[in-house]
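K.L.:
Dock chain to chain to rebuild the complex, using the hints, since each chain is given by itself in its own frame.
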Amino acid sequence: MGLGQILAKRIGYGLILLIAVVVLNFTLITIAPGDVADSIAGDMGGADAEVLAEIRSRYGLDQPFAVQLGRYISSIAALDLGYSYFYNAPVTELILQRLPATLLLVFSSQILAIAVGLVLGVMAARKPNSFTNLIVTFLSLFGFAAPVFWTGILLIILFVAIWPIFPVGGMMSASLIDAPWYEQWVNIAYHLVLPMVTLASIYLALYSRLTRASMQEVLGSDYVRTARAKGLAENKVFYKHALKNSLGPLVTVAGLQFSAVISGAVVVEAVFSWPGLGTLALQSILARDTPTIMGILFFSSLVVIVVNILTDMALRMIDPRIRAD
Amino acid sequence: MSDINTQTKDIIDIQATSSLREMTTMFFRNYAAVAGLILLITILLFVFVGPLVHTTDPFEMVWAPFTMPMQEGFILGTDYLGRDILSAMMAGGQVSLAIGLAAALVSIIIGVSVGAFAGYYGGLVEELLMRFTEFFQVLPTLLFSMVIVALFGASLLTVTLAIGVVSWTAVARVTRSEFLRIREMEYVAAARSGSARDLYLIFKVILPNALPPIVVQANLMVGSAILFEAALSFLGLSDPNVMSWGQVIGSNRPYILDAGFAVAIPGFAIFLTVLAISLVGDGLNDALNPKLRQR
Chain A
1 MGLGQILAKR IGYGLILLIA VVVLNFTLIT IAPGDVADSI AGDMGGADAE
51 VLAEIRSRYG LDQPFAVQLG RYISSIAALD LGYSYFYNAP VTELILQRLP
101 ATLLLVFSSQ ILAIAVGLVL GVMAARKPNS FTNLIVTFLS LFGFAAPVFW
151 TGILLIILFV AIWPIFPVGG MMSASLIDAP WYEQWVNIAY HLVLPMVTLA
201 SIYLALYSRL TRASMQEVLG SDYVRTARAK GLAENKVFYK HALKNSLGPL
251 VTVAGLQFSA VISGAVVVEA VFSWPGLGTL ALQSILARDT PTIMGILFFS
301 SLVVIVVNIL TDMALRMIDP RIRAD
Chain B
1001 MSDINTQTKD IIDIQATSSL REMTTMFFRN YAAVAGLILL ITILLFVFVG
1051 PLVHTTDPFE MVWAPFTMPM QEGFILGTDY LGRDILSAMM AGGQVSLAIG
1101 LAAALVSIII GVSVGAFAGY YGGLVEELLM RFTEFFQVLP TLLFSMVIVA
1151 LFGASLLTVT LAIGVVSWTA VARVTRSEFL RIREMEYVAA ARSGSARDLY
1201 LIFKVILPNA LPPIVVQANL MVGSAILFEA ALSFLGLSDP NVMSWGQVIG
1251 SNRPYILDAG FAVAIPGFAI FLTVLAISLV GDGLNDALNP KLRQR
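Just so you know, the protein sequences line up as chains A and B, in that order.
Position one of the first sequence corresponds to residue 1 (the working numbering), numbered consecutively onward.
Position one of the second sequence corresponds to residue 1001 (the working numbering), numbered consecutively onward.
A couple of the hints might just be wrong.
[Stated by the list, open to error] Pairwise CB distance ranges (calculated):
#	chain 1	residue 1	chain 2	residue 2	range
1	A	Leu7	B	Ser1177	36 to 44 Å
2	A	Gly170	B	Leu1101	36 to 44 Å
3	A	Ala115	B	Ala1035	25 to 33 Å
4	B	Gly1153	A	Val119	40 to 48 Å
5	B	Phe1203	A	Met317	27 to 35 Å
6	B	Phe1203	A	Leu24	24 to 32 Å
7	A	Gly170	B	Ala1032	38 to 46 Å
Keep in mind that the hints were calculated from the coordinates and are not lab data.
Note that beta-carbon positions come from the ideal geometry of N, C-alpha and C, so glycine has one too.
Next up, chain B with everything else stripped away, as it sits in the complex (with noise of 0.2 Å):
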């Protein structure tokens, strides 16, 4: 019985291993996925190597207010309270980057629980478990998660929690309909017969295969995680002693008519990082999907 099992999971194995090299070459042949990539990494290094090189304490008022950018030493400039916006752009990125992420796991978490349930049970439980994503897909998203930070307060933990409850509709669904394809194939009828246990097929056998459209639909999830909390923090509904891009852009948005540049450069930011990863997300789509690729 667990001479099944093990032989199931080698052939799952081989499969995977085999799929990642193809996947990866597939990946780097395509140029917009690299050049995403290659984004991606030169943020990142921004964001968490900036800070040893440029050591400027982004909350410390160090010069004029609205300086511009390229003047006095200040590259990006000076926001409203005379502090320097290169700092700001690190230790914003920072936070911004790691809400996103961590929304993005709590989606993830939520759909991929909802949507394997209810693929792999189907009947009742699917029509239970789809009302009530369906009943997600209702409650106008931003407006929810706005009641939530003021209800419960601005923290960084209420507003990652506030864009994760609100965004995982996507991923249960895709993840559903790759459990219904799934479950019908036969590794999975013999890893059955095998007598494996629900929970065992469910996150053994069933999930790894279906990871592919999960991956790619979890990626977005990152970049809409961080436009989400962005948009959050530009209508004041964030942490006030946490540096983010969005809350770079909320402070500084009364005076955009004098200083559009203290505007200008967070949003930027948020655009390249936001674009860096959907360009890496459209290449892990198409090396993922080979069939797609060839319409």
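Here chain A stands alone, though its shape is the one from the complex (with noise of 0.2 Å):
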């Protein structure tokens, strides 16, 4: 099977995921206790039957569970996720709004982590018995013990209440809103380092373990000692013989992750007020605004659908032997 068709047979399938995904979801709002208009209504400091009936009808809910899902799927498939009562905006718009700070604190936490993962791995695995071994492990336990937001919460202590160099939370100052734009950046940059060391200090912990134990795991192969055999430099052995075939256990791991990574991001968010999807996640569960929460779910359910085939097809590239199967 050529890729092309591997990439097309991976779309159809993972197209399949996603409308499960989106009955799931509905399934579930429709089956729990109080619905979009009770939640109005509350808001409203409570309405009698007859506002509650116009309510419904007005948002479709009177009709029966088939149509509603149905109509629901036909306007995804128009990218259309509903409308928020909550924000009063469409939830698309909500959604595309807060997308950019989640994927600058995703992708600048994974990058961070992969980085320092591979350095710290590679190293491990070159000496046995050094600090840096006796580092990774250490890592690896703390990473994976430690819950995140209380590594984020002893960051703000330390490096806001105890030395304040870093902002408590946020994205940007609100000052600089008519500020250049290169200024902007900065400022925002700064507020990053926090979130993105906190939630990048999980998978740290995980990548340098891997990148020791798969190098490892490659020093001893037949190719690596063929190479050391025929005289090789030891730095040319190591780094382009074993390190390029230590890569796709990385990257493997790094896109099955990423669910996990957007897990991490809700609460990383959470921690430091950083304004993006995982802040309108919490907001719209605690407000019950079912629109926000089934389009937020239905659309970070697609980023990992499309992370796991932009996974799989790199494994491909990289390691022509998966090819075959």
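P.N.:
This is the structure:
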């Protein structure tokens, strides 16, 4: 099978998964006690049965389940995720507004974690009894055991309360709204440091441990022994032969972790009041703003599926052996 | 026919006991694992026996808010309502550990069933079950469980189920791959030729032999379920009438700049617990897979 065919198959399958996600979410929200009409009535300070019925008919809630579901799926197909009564804005617009902040946080922290994790892992694999190796072992234990919000709060206590060099939260100082773009960017980068480090801390542990393990495995393999036997310089063996082949597991795991990274981002955004999708999700969940919740669930599943397909494709390009199956 | 089954079972039992002894020796030779076990036992004693010694009610206001640790006789200080944090750590620990265990149990029951049937039957059953697993891997776990808790109310039961339902996929994958391997073994073929029923083969013949990696995974599940519960309570999605470590963190969170200790202490408790669990898990992994250890 060619790459194109595999890609087409994966995309088709991804679409089926997406529809399944929508059906599950829709079913859950329908069977849960209370609906949009109740929440709106609650915000209005109570309403009688007549008003409730009117709200229900306006939002199509009086229709049978199958009709509502069909209507929702067809509107999603037209990229319309509905209207948020809580924010008084279309859900698609809300999500697109918050998306850049989340993407910035997620990708910068992943890049940081992969870069530092690779360096640490390689150094640890090179000298198994070194101090670096100990650091990797320690980091991997810490990264798994420390709750991510706790890491964030410790960083706030350290770098905001005790030694105030970073802002406590937010994405940009309000005073810079009319400032030139480069000043805004510098300010955003400054606000990004603590959240980025917090989110990266979990994955730094994972990636450094993974790199160490796969490097150790590759270094013991026959072709590395051959490369050494034919007299190649140690550095060349290490970085050109071994490192290249130990990247596969890293890419796989980074791709598979993506759904977990989004979960991590939700918590980190809450700690640092970072105005991204996670904050939007939390607010809309607490406000029971159903259209927004559904939209975010749909959208984040879409992102995870796309990233999984990209990872799969990247792996096939890195490692020709995988193409066979 | 039943003779063959009993014989197979005897052989399996003998294997199990001898490897159990080996495993225990292996485990206790691993200092990190033993340290983790001691830490875990200490935490359990603190959480379950502690309240008998330190009897202050965790919900009662006993002193001025935000008394620093080691002052006025409060070893860990007081929180934003002037409640004793030491008592909160004990009461909250019981809940956090219980939810962690229960949620891990839910995810293991789902994961082992899905993985066992997929690995045993293969073919269409496997295809369908693994697609089902993949579907749950695509759902953003935390967001999805936040939605479940918000929709169905934040009680201990919904929180436990919400965590269990989203975190079983890894268990299913491990179980399936073990079943795929073991179902080709001679003793399974022997039991099968004795015309044993499918369910007997799955749960009495294959499952006991597939347990080691599942046990390791299960152990990690408890740790991640505790973290998961903490994250949910931190976000304000937990039963406000029940004290848990995450809940202590969540409720004191607005005051971190003034009283960081009220948040740092429960976080440290979670950290230590999950650390102890994962050290024990690593030790179990090494003891159960001696091959991995030699690498």
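K.L.:
Now tell me, hint by hint, if it's right for this structure.
P.N.:
Results for each hint:
no., hint, verdict
1, A:Leu7 with B:Ser1177: 36 to 44 Å, "27 Å, violated"
2, A:Gly170 with B:Leu1101: 36 to 44 Å, "38 Å, holds"
3, A:Ala115 with B:Ala1035: 25 to 33 Å, "32 Å, holds"
4, B:Gly1153 with A:Val119: 40 to 48 Å, "47 Å, holds"
5, B:Phe1203 with A:Met317: 27 to 35 Å, "43 Å, violated"
6, B:Phe1203 with A:Leu24: 24 to 32 Å, "29 Å, holds"
7, A:Gly170 with B:Ala1032: 38 to 46 Å, "41 Å, holds"
The structure fails hints 1, 5 (numbered hints given earlier, in ascending order).
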